[in-house]
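Participant: With chain A's structure known, arrange chain B on it following the hints.
If you're matching them up, the sequences are chains A and B in order.
Everything in the first sequence is counted per the numbering used here, starting at 1 for the first residue and increasing by one.
Everything in the second sequence is counted per the numbering used here, starting at 1001 for the first residue and increasing by one.
Accuracy of the hints is not assured; some may be wrong.
Said to hold, decoys possible - In silico BS3-like cross-links for lysine-lysine, where the CA-CA straight-line distance does not exceed 27 Å:
id : chain 1 : residue 1 : chain 2 : residue 2
1  : A       : Lys155    : B       : Lys1136
2  : A       : Lys197    : B       : Lys1136
3  : B       : Lys1131   : A       : Lys126
4  : A       : Lys136    : B       : Lys1155
5  : A       : Lys136    : B       : Lys1326
6  : A       : Lys197    : B       : Lys1155
7  : B       : Lys1132   : B       : Lys1254
8  : A       : Lys131    : B       : Lys1254
9  : B       : Lys1155   : A       : Lys92
10 : B       : Lys1092   : A       : Lys155
11 : A       : Lys155    : B       : Lys1155
12 : B       : Lys1197   : A       : Lys136
13 : B       : Lys1126   : A       : Lys136
Stated by the list, open to error - Cβ pair distances, simulated, as ranges:
id : chain 1 : residue 1 : chain 2 : residue 2 : range
14 : B       : Gln1048   : A       : Thr93     : 39 to 49 Å
15 : A       : Pro330    : B       : Gly1089   : 26 to 36 Å
16 : B       : Arg1055   : A       : Thr188    : 16 to 26 Å
To be verified - To list a few chain A residues with every Cβ distance to chain B over 12 Å, as calculated:
id : residue
17 : Ile64
18 : Asp114
19 : Val160
20 : Gly216
21 : Lys249
22 : Ile256
23 : Ser316
Think of the hints as simulated: they come from the structure by calculation, not from any bench.
Since this is a predicted model, take the numbers as computed values, not measurements.
Backbone N, C-alpha and C define an ideal beta-carbon position, used for all residues, glycine too.
Protein chains: 2
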Amino acid sequence: MEPLLFQQSKKKPAYPSFLTGFVRKGVPFRGAIDPFRCVAKELELVEQNLLRSIRSTEHILTEISAHLILGGGKRIRPMVTLLAFKVFGGQKTADIVDIATAIELIHTATLLHDDILDGAEIRRGKESAYKKFGLKPTLISGDFLFIKAFEFAGKFDATVVQWTADACTHLTEGEILQGFFNRNMNVTLEDYLEIVKRKTASLFQTGAKIGAYLAGASPAFVEEIAEYGLNLGIAFQMIDDVLDVVGHKELLGKPIGMDLRDGNPSLPIILAIRGGQRQVAEAFQSDHLTNEMIQATLKAIGQGSAIDKTKNYSRSYAELASKPIKKLPPSLYRDGLKTLVQLIVERNF
Amino acid sequence: MEPLLFQQSKKKPAYPSFLTGFVRKGVPFRGAIDPFRCVAKELELVEQNLLRSIRSTEHILTEISAHLILGGGKRIRPMVTLLAFKVFGGQKTADIVDIATAIELIHTATLLHDDILDGAEIRRGKESAYKKFGLKPTLISGDFLFIKAFEFAGKFDATVVQWTADACTHLTEGEILQGFFNRNMNVTLEDYLEIVKRKTASLFQTGAKIGAYLAGASPAFVEEIAEYGLNLGIAFQMIDDVLDVVGHKELLGKPIGMDLRDGNPSLPIILAIRGGQRQVAEAFQSDHLTNEMIQATLKAIGQGSAIDKTKNYSRSYAELASKPIKKLPPSLYRDGLKTLVQLIVERNF
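Bound conformation, chain A alone:
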């Protein structure tokens, strides 16, 4: 066994910089095990990888990549990947760190392209790359980060390459599907789930799967942890949706109401419409909402039952995510995976 990274020392714990967000924002840790600290050493190596990978002869590519990568980010996808590796006794740290890096690079690349697609002005508490640097260099930087992810993931065997490529394909398909249901009243809960599975949960699921696979877990266990990742990702997105209605700009690092503004069918919006809130239905279909209209609609959603219902759905998927954990070999990493589910559902940022 490795030394217990999560043993409490008497000194102030040296949280890596990317953890301070969670700690500062005071999320309660119900379980004894902080999932971040379980893999803090490996996450630090991921950070180093990320920084090394974005070096380029063209300074602007490095600058735009760094703008986003150094701008925070919860690093939850790499964390899931690392924990899924550790929980099955994985030893070759360098390998899993490389895959965790690839997963985060893919996520970052899609953020850059998403900001272009959404015309987003704010990301991670500051001007979006798109707003700051313009379309051309931002688009190219997204490609650049995809390529860097390929560099990290391409070293692995055909299974890992295929799973990673499939996750990326799902991301693009989820993006298209979301576009199809943009301001589209025909969207169902099934459609919503399909979008979320592809656009968000797929990368969580794939990171978890690859972590277990590279640790040498049995195919049955790989499937269990894939279920964990999938359902954790779904719960995660549902809370993202909630926070876009009732969250705080300062904690989120971006304005709320973006889903309404962009016409994205978030779960609270769909549920409010199905609950008969005509104001929400009208706002959802409108492509020229003023800020005042957005704020009024958010308030209306918050006053109805859609937020509570969405939180309940999120808890149900969190419950689904927790089930497979019980079947895993007991370890502190298993407890870390469990705490992570709580953290994700209870977060306010």
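Facilitator: Just chain B, lined up with the frame of chain A:
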């Protein structure tokens, strides 16, 4: 040895559809060996790969990809890759076909993103995907094709993955560098060459290198064929630049004068400016040229010496590309590589 694919049969030769362009347009084949027909069987497998790879649950991704892939394209990059494999006696056709597919997918992905960056309306004789389908699906389809390329290339060993990733990185860096010198009078011939090496020649070079490497060529031969690919790519781009000034819209499948319109520092533009053509210098710096101004400037460039000079430069790089060929083991594939140099320099489309 394989059966001679290029033996003339008495019947009308069954050119694959992607070859008819060259034949129809009447490019003279000075050498006896048609490089297309040397690897026609493998190119057909590349076509099948391309078509299979663009299937998606989201129809629009397939439609946009097919719009470009079925819209023609000279398939010169896959051809170079295949010939470089065959010339060294490579046998595992499935492998080289997969890499040739990856190279063409990368090229196609960059075309989709380039059309967004340039606001291009026409590509390969029809509306560009960007014009026809809009920014969002076109951007996502570019990502989709990059991912499919990764699927094909990611199966290979670390060397192939690294070379492919490096080529892609060079593409993005070349794009940035070209943006930096957009309408920028400081651009030098050295800058031009650097842009072309990264943005165009790198993918030719990498395809050639990987072809030789996978065929088991010695490192010295891999370097020779890399030189071939690099210089062929440079000569190719220079002729592209020429055709953008004096080419025919119908043969090119796109309007001419795009470099002027977009402020791209093409070699004829740079040479005309250095030759003292003030009208060209003014047009190059202007971001609001009318069609008439573009046509008048093209005419001015055509009347000066810039086109002849660019063709001479192209011939010099073609000469550089031809040199390493002489050192290769003699074969019909070697003659195919040689003819390809001529074809590229003498083409009018």
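Participant: Does each hint hold? Answer for all of them.
Facilitator: Hints, verified against the model:
no., hint, result
1, Lys155/A x Lys1136/B, "violated (31 Å)"
2, Lys197/A x Lys1136/B, "holds (20 Å)"
3, Lys1131/B x Lys126/A, "violated (32 Å)"
4, Lys136/A x Lys1155/B, "violated (31 Å)"
5, Lys136/A x Lys1326/B, "violated (42 Å)"
6, Lys197/A x Lys1155/B, "holds (26 Å)"
7, Lys1132/B x Lys1254/B, "holds (15 Å)"
8, Lys131/A x Lys1254/B, "violated (31 Å)"
9, Lys1155/B x Lys92/A, "holds (21 Å)"
10, Lys1092/B x Lys155/A, "holds (21 Å)"
11, Lys155/A x Lys1155/B, "holds (8 Å)"
12, Lys1197/B x Lys136/A, "holds (20 Å)"
13, Lys1126/B x Lys136/A, "holds (23 Å)"
14, Gln1048/B x Thr93/A: 39 to 49 Å, "holds (41 Å)"
15, Pro330/A x Gly1089/B: 26 to 36 Å, "violated (56 Å)"
16, Arg1055/B x Thr188/A: 16 to 26 Å, "holds (25 Å)"
17, Ile64, "violated (10 Å)"
18, Asp114, "violated (10 Å)"
19, Val160, "violated (9 Å)"
20, Gly216, "holds (21 Å)"
21, Lys249, "holds (26 Å)"
22, Ile256, "holds (23 Å)"
23, Ser316, "holds (26 Å)"
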